[in-house]
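Undergrad: If you want the building blocks of each chain, they are given just below.
Protein chains: 2
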Amino acid sequence: MTALTNPNDVYLLAQWLAGDHSNWQQAIDNPPFFAHIRVGIRALPNPITDNGVWLFLEQAYDYELHHPYRTAVLNLIYQNDRIEMINYRLKNAETFFGASRDRDQLAKLDAEAIAKLDGCTQWVHRADHQTFKGEVEHGKKCCLNRKGVDTYLAIEFEVTENTYSSLDRGYDIVTHERVWGSIAGAFNFVKKSSFSSEILLGSTP
Amino acid sequence: MTALTNPNDVYLLAQWLAGDHSNWQQAIDNPPFFAHIRVGIRALPNPITDNGVWLFLEQAYDYELHHPYRTAVLNLIYQNDRIEMINYRLKNAETFFGASRDRDQLAKLDAEAIAKLDGCTQWVHRADHQTFKGEVEHGKKCCLNRKGVDTYLAIEFEVTENTYSSLDRGYDIVTHERVWGSIAGAFNFVKKSSFSSEILLGSTP
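So the sequences go chain by chain: F and C. So the first sequence is numbered by this note's numbering: it starts at 585 and just counts up by one. So the second sequence is numbered by this note's numbering: it starts at 585 and just counts up by one.
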């Protein structure tokens with residue numbers, strides 16, 4: 585069923601993800617049902633460990649690019665025959681607002697700045713030659729409170745060399761009803777500029 | 585069930601609608617599930633007829649304010665014990681892009697510029713002292729093709745003095761399945777500036 589994922593795919597996935605992604609075309613094609621979103625993903629100039637690849641991610645409305653509504657640090661490693669993207673939150677996210685487009689700012693991000701988010705690792709496998717597919721680890725443990733309701737996160741995403749799509753939803757931890765998220769479908773991003781050359785090979789995937 | 589709608593409510597509804605509306609707060613509160621939308625509604629400086637009130641409407645992504653994805657002319661009249669908002673399309677919409685914020689441009693809009701849209705009249709009644717509620721006329725005849733599928737429009741909206749909410753959806757004319765529509769519920773707009781003083785009373789409501 586699943587194409588074989590190999591250890592070096594950690595670097596390939598990181599290269600495909602590293603960039604400035606926009607869903608402008610989708611927003612234009614479906615007014616008014618998709619906001620115009622930008623996702624900036626960039627390798628940490630000073631990786632926290634030698635294990636795999638460390639990426640900074642920030643997601644923002646295009647009109648509020650310097651005030652992202654989501655930031656994260658992702659450590660991509662190869663284990664359990666798949667790529668695991670371990671999810672870290674930033675203790676002081678505002679310090680790094682805009683850092684996906686400012687490498688000097690991003691260089692200041694160190695181990696002290698982040699804390700691991702349990703239950704929120706994303707499992708990624710190679711679906712075919714052109715595609716990786718991912719989801720949140722099983723167990724419904726990636727929890728967040730939204731509008732006063734405790735929800736668990738469900739993400740399905742797909743990455744190719746130049747595109748990235750993601751369907752994010754939140755379900756009530758008690759009733760399992762959908763509390764928030766897309767009804768109209770996944771966000772579809774296209775890579776507008778690539779930061780793949782900053783992905784350094786050679787450490788342990 | 586329904587509070588009594590009276591003929592002069594045509595003017596009151598028009599005054600409440602006339603303005604520059606934004607859902608910025610909603611977009612900020614629910615990232616990334618609501619695009620930032622602006623709706624500009626303004627009285628025609630040269631009404632097409634003396635019957636009721638004539639409004640121009642344009643709806644745009646905030647980042648594309650001068651390239652609205654929807655334009656319309658609405659004639660609000662009192663008939664059948666309710667307010668009816670008769671919907672006209674612009675034959676050359678681009679000529680009037682931005683006209684809700686440019687009264688000189690809007691003054692050029694005349695009877696030749698518009699064509700009535702059958703089946704797309706909106707029926708509005710007074711729900712209570714503070715609120716009007718509306719919907720598309722019954723009959724499922726307000727059709728539009730979206731992504732290659734013929735759909736009929738369903739709109740539910742609510743207007744108060746300073747707010748305006750709208751839930752727009754399209755259903756397949758054959759299967760009645762929802763084809764497009766709101767990701768996460770109604771759009772909620774707040775009036776940022778009012779053009780109510782341009783609503784002229786005294787003609788036939």
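Honestly, the hints are just simulated from the structure, not real lab data. Please note that the accuracy of each hint is not assured.
Intra- or inter-copy, both count: the list cannot distinguish identical chains.
Listed below are the simulated SDA-like cross-link pairs for lysine to any residue, each with C-alpha atoms no more than 20 Å apart in a straight line [unchecked claim]:
no. : residue 1 : residue 2
1   : Lys700    : His651
2   : Lys731    : Thr759
3   : Lys731    : Pro615
4   : Lys731    : Trp608
5   : Lys731    : Asn614
6   : Lys731    : Asn772
7   : Lys776    : Tyr647
8   : Lys731    : Asp613
Undergrad: Hints numbered earlier in the text: which of these fail when held up against the supplied structure?
TA: Failing hint: just 1.
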